[in-house]
Amino acid sequence: MADGVAVPAALDGLAVAGVAAVPASATVPAGVTTPDSLDLYRTMRFIRRFEERAIDLVRAGEIFSGIHPCIGQEAVAAGACAALDPDDIVLSSHRGHGHLLAKGSDPGRVMAEMAGRVTGIDKGRGGSFHPSDFTSGVYNATGTVGHGAGIAAGIAWAAAKAGEPKVVLSFFGDGAVTQGALLEGFNLAGLWQLPVVYICENNRYATTLPVETAVAGTITGRGEAFGIPSSVVDGQDVEVVHAAVAEAVARARSGGGPSLLEMRTYRYHGHHTFEMLVRLRYREQAEIDAWKERDPLDIQAARVDAAARERVDAEVERELDEVVRFAVDSPRPDPADAMDHYYADGFRPRPGVSL
Amino acid sequence: MPKLSYLKALNRALGDEMDRDESVFVLGEDMNFALTNVTAGFLKRFGPDRVVEVPLTEQGFTNFATGAAMAGRRPVIEFQIPFLLLLVFEQITNQANKFLMMSGGQRSVPVTYLMPAAGWRAGWGAQHSDQPYSMFAHMGVKTVLPATPTDAYGLLTTAIRDDDPVVFFGPLASLSVREIVEYTDLAPIPLGSGRVHRPGTDVTVVALGHLVHEALAVAEELADEASIEVWDPRSVYPFDWAGLAESVAKTGRLVVFDDSNRSCGMGAEILATAAEEMRLQAPPKRVTRPDGAIVGAVPELDAVLQPTRQQLAEAVRSVLKSTGW
Ligand SMILES: Cc1ncc(C[n+]2csc(CCOP(=O)(O)OP(=O)(O)O)c2C)c(N)n1
Numbered sequence: 067m068a069d070g071v072a073v074p075a076a077l078d079g080l081a082v083a084g085v086a087a088v089p090a091s092a093t094v095p096a097g098v099t100t101p102d103s104l105d106l107y108r109t110m111r112f113i114r115r116f117e118e119r120a121i122d123l124v125r126a127g128e129i130f131s132g133i134h135p136c137i138g139q140e141a142v143a144a145g146a147c148a149a150l151d152p153d154d155i156v157l158s159s160h161r162g163h164g165h166l167l168a169k170g171s172d173p174g175r176v177m178a179e180m181a182g183r184v185t186g187i188d189k190g191r192g193g194s195f196h197p198s199d200f201t202s203g204v205y206n207a208t209g210t211v212g213h214g215a216g217i218a219a220g221i222a223w224a225a226a227k228a229g230e231p232k233v234v235l236s237f238f239g240d241g242a243v244t245q246g247a248l249l250e251g252f253n254l255a256g257l258w259q260l261p262v263v264y265i266c267e268n269n270r271y272a273t274t275l276p277v278e279t280a281v282a283g284t285i286t287g288r289g290e291a292f293g294i295p296s297s298v299v300d301g302q303d304v305e306v307v308h309a310a311v312a313e314a315v316a317r318a319r320s321g322g323g324p325s326l327l328e329m330r331t332y333r334y335h336g337h338h339t340f341e342m343l344v345r346l347r348y349r350e351q352a353e354i355d356a357w358k359e360r361d362p363l364d365i366q367a368a369r370v371d372a373a374a375r376e377r378v379d380a381e382v383e384r385e386l387d388e389v390v391r392f393a394v395d396s397p398r399p400d401p402a403d404a405m406d407h408y409y410a411d412g413f414r415p416r417p418g419v420s421l
Numbered sequence: 165m166p167k168l169s170y171l172k173a174l175n176r177a178l179g180d181e182m183d184r185d186e187s188v189f190v191l192g193e194d195m196n197f198a199l200t201n202v203t204a205g206f207l208k209r210f211g212p213d214r215v216v217e218v219p220l221t222e223q224g225f226t227n228f229a230t231g232a233a234m235a236g237r238r239p240v241i242e243f244q245i246p247f248l249l250l251l252v253f254e255q256i257t258n259q260a261n262k263f264l265m266m267s268g269g270q271r272s273v274p275v276t277y278l279m280p281a282a283g284w285r286a287g288w289g290a291q292h293s294d295q296p297y298s299m300f301a302h303m304g305v306k307t308v309l310p311a312t313p314t315d316a317y318g319l320l321t322t323a324i325r326d327d328d329p330v331v332f333f334g335p336l337a338s339l340s341v342r343e344i345v346e347y348t349d350l351a352p353i354p355l356g357s358g359r360v361h362r363p364g365t366d367v368t369v370v371a372l373g374h375l376v377h378e379a380l381a382v383a384e385e386l387a388d389e390a391s392i393e394v395w396d397p398r399s400v401y402p403f404d405w406a407g408l409a410e411s412v413a414k415t416g417r418l419v420v421f422d423d424s425n426r427s428c429g430m431g432a433e434i435l436a437t438a439a440e441e442m443r444l445q446a447p448p449k450r451v452t453r454p455d456g457a458i459v460g461a462v463p464e465l466d467a468v469l470q471p472t473r474q475q476l477a478e479a480v481r482s483v484l485k486s487t488g489w
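For the protein sequence lines, the chains are A and B, in the order given. Quick note on our numbering: the first sequence kicks off at 67 and runs consecutively. Quick note on our numbering: the second sequence kicks off at 165 and runs consecutively.
Hints in this document: simulated from the structure, not taken from any laboratory. Some clues are possibly wrong.
[Said to hold, decoys possible] With the C-beta cut set under 7 angstroms, the calculated list includes, among others, these residues of chain B facing chain A:
(1) F228
(2) G231
(3) A232
(4) T257
(5) Q259
(6) G269
(7) D327
(8) P402
(9) A438
(10) E440
[Claimed, not checked] Derived lysine-lysine pairs resembling DSBU-like cross-links, with alpha carbons at most 35 angstroms apart:
(11) K232/A - K414/B
(12) K172/B - K232/A
(13) K208/B - K167/B
(14) K485/B - K414/B
(15) K262/B - K172/B
(16) K227/A - K414/B
(17) K208/B - K172/B
(18) K227/A - K262/B
(19) K227/A - K208/B
[To be verified] Residues of chain B clear of chain A, computed beta-carbon distances all greater than 10 angstroms:
(20) S169
(21) Q244
(22) A351
(23) R426
All C-beta atoms, glycine included, are put in the ideal place defined by N, C-alpha and C.
Here chain A stands alone, though its shape is the one from the complex (with noise of 0.2 angstroms):
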């Protein structure tokens, strides 16, 4: 943890009832290497202003219906795919801009397909809410919340079946952990030992509902119940979380079988940006500053050169001009084409209006 950084009184009191403190930090096996510091802060400060940049566009109409941002949890994302080897696979939620950024997704394609640009990612089809892009590795992202639990264990499978040493890394909220399907995949996961590792972003919310209203028992509970390591994980601290992961994604890779993280984090903004209209007080100012004393932007800025880590900022600004010239220039798609790509085999449907 970074020196002159201490956990605010309220982190604790913030525990889940019955799990223990949030560890302190965590080692990176042997043979695994550190990224560097500076690199984990720059894919931090680059999802934080590209979701900025994102929201801007979201006021402006070019993004249309909003996108759930995830400022606040930007380094579960970069720690956790920092640990993944390039053909190693993703599975995102609702909340994924930053798995696709941190996985290594083109900027420009990510921001496109938010703004429903045919350059997009998925040519538009998948908006904010299902990226998939099978360039960075990004498999999916469930609408129904814990759904790709059991994904994740039928790619890990076909995987590991096919001899290739791909690890699955499956994310999902704490709303996403009182869903059946998602225990019926660890079940698989757990049975079969399969390489997945499973990511609890917990950041206490599930839309409006508070997490200890929400859950029985504990979320590392759930897969320890299935026989697969669980742990919690400070979500705040970008190197902690890389090495809970890299961790994690090491046993997988040997045949270890899956584990469960349940990163402690929170989301600054609304749920989603429909927020910033309807206005809903569902928590209190206070304990979002008490949060904000632990940003994990900030806790990775203190472990890097001052100068270096302006250079980056700069850096990330220019690279977002780009990203957002880019989006906006690209061309809107033909109406025309709105049943391209329904069927694998080019079958349309018929019209819903025959004259």
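Starting from the structure of chain A, add chain B with the ligand where the hints point.
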């Protein structure tokens, strides 16, 4: 020539495809002992890596198949009871079937959902007697419903080779149907191709699934009164509208014989399309199940809740008598 049963046709089609293509594998419950007979002999033939026994975890293994398909495999899931498809309706319609489109055409999900005992099970109660094929057609999922062993062979083969999700309904009442065939004549059948089982000129009876056999019996019974064309779509989505239009153009009259629920069922869809697009000389009729459920526990009640030969005969007579709208 050998006698091929519907069940044996499924076994043969699946086995042939697993031989032909290493990426095909089958998963389901009680697979190791081939409870339904569909996978009889497979464990020994293909081993546990391709005949995967799964725990009772339908949402889990249906999503699992989606993942395996994304990663390059061709899973065939065998379901034992129609209601299990309701349990995984979301996984099939919302995850697997929308994935190609949502990913902008990046990857398809070639899973086959094999339901080899669809429909009423005498004495098994209301919860084991559903016939939910119309629901999948409604959601745009490729859905096949073969009536005969050769069609079952041909359509299961095509379903497995298809790059999209396909739900295969094998009606329970058809499983024991046998046909004399030469095995070398068995061949894939394209989705969306209907079949004239019996040509006729007075009225088209569209019969679905096992009701094809019932309709043929009625056509025979009424042979002196009317020339009935028995037409079987074989796949309910995509549907062979051109084939139906051809039949209706010849007969000008239409009765649909459909074992799914009346409201928003295939019967309703066929009638609506015919009314919109085809030239009918008299209002069409449909003979279906009622909405809701078959009691499924007492033969007296069950029998009247399912489409019967007598109901079809009456519907045909009334459509023939009708002279206009
Ligand atoms: C199964 C299911 N139920 C409800 C919803 C509606 N919904 C979308 S996101 C969301 C909250 C999810 O919370 P969580 O899993 O904690 O993820 P977070 O949004 O906090 O990242 C809900 C309820 C859904 N998409 N899927």
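Status of the hints after comparison with the structure:
{"no.": "1", "hint": "F228", "verdict": "4 angstroms, holds"}
{"no.": "2", "hint": "G231", "verdict": "3 angstroms, holds"}
{"no.": "3", "hint": "A232", "verdict": "4 angstroms, holds"}
{"no.": "4", "hint": "T257", "verdict": "11 angstroms, violated"}
{"no.": "5", "hint": "Q259", "verdict": "6 angstroms, holds"}
{"no.": "6", "hint": "G269", "verdict": "4 angstroms, holds"}
{"no.": "7", "hint": "D327", "verdict": "3 angstroms, holds"}
{"no.": "8", "hint": "P402", "verdict": "6 angstroms, holds"}
{"no.": "9", "hint": "A438", "verdict": "12 angstroms, violated"}
{"no.": "10", "hint": "E440", "verdict": "5 angstroms, holds"}
{"no.": "11", "hint": "K232/A - K414/B", "verdict": "59 angstroms, violated"}
{"no.": "12", "hint": "K172/B - K232/A", "verdict": "38 angstroms, violated"}
{"no.": "13", "hint": "K208/B - K167/B", "verdict": "24 angstroms, holds"}
{"no.": "14", "hint": "K485/B - K414/B", "verdict": "17 angstroms, holds"}
{"no.": "15", "hint": "K262/B - K172/B", "verdict": "32 angstroms, holds"}
{"no.": "16", "hint": "K227/A - K414/B", "verdict": "54 angstroms, violated"}
{"no.": "17", "hint": "K208/B - K172/B", "verdict": "17 angstroms, holds"}
{"no.": "18", "hint": "K227/A - K262/B", "verdict": "26 angstroms, holds"}
{"no.": "19", "hint": "K227/A - K208/B", "verdict": "18 angstroms, holds"}
{"no.": "20", "hint": "S169", "verdict": "30 angstroms, holds"}
{"no.": "21", "hint": "Q244", "verdict": "17 angstroms, holds"}
{"no.": "22", "hint": "A351", "verdict": "18 angstroms, holds"}
{"no.": "23", "hint": "R426", "verdict": "22 angstroms, holds"}
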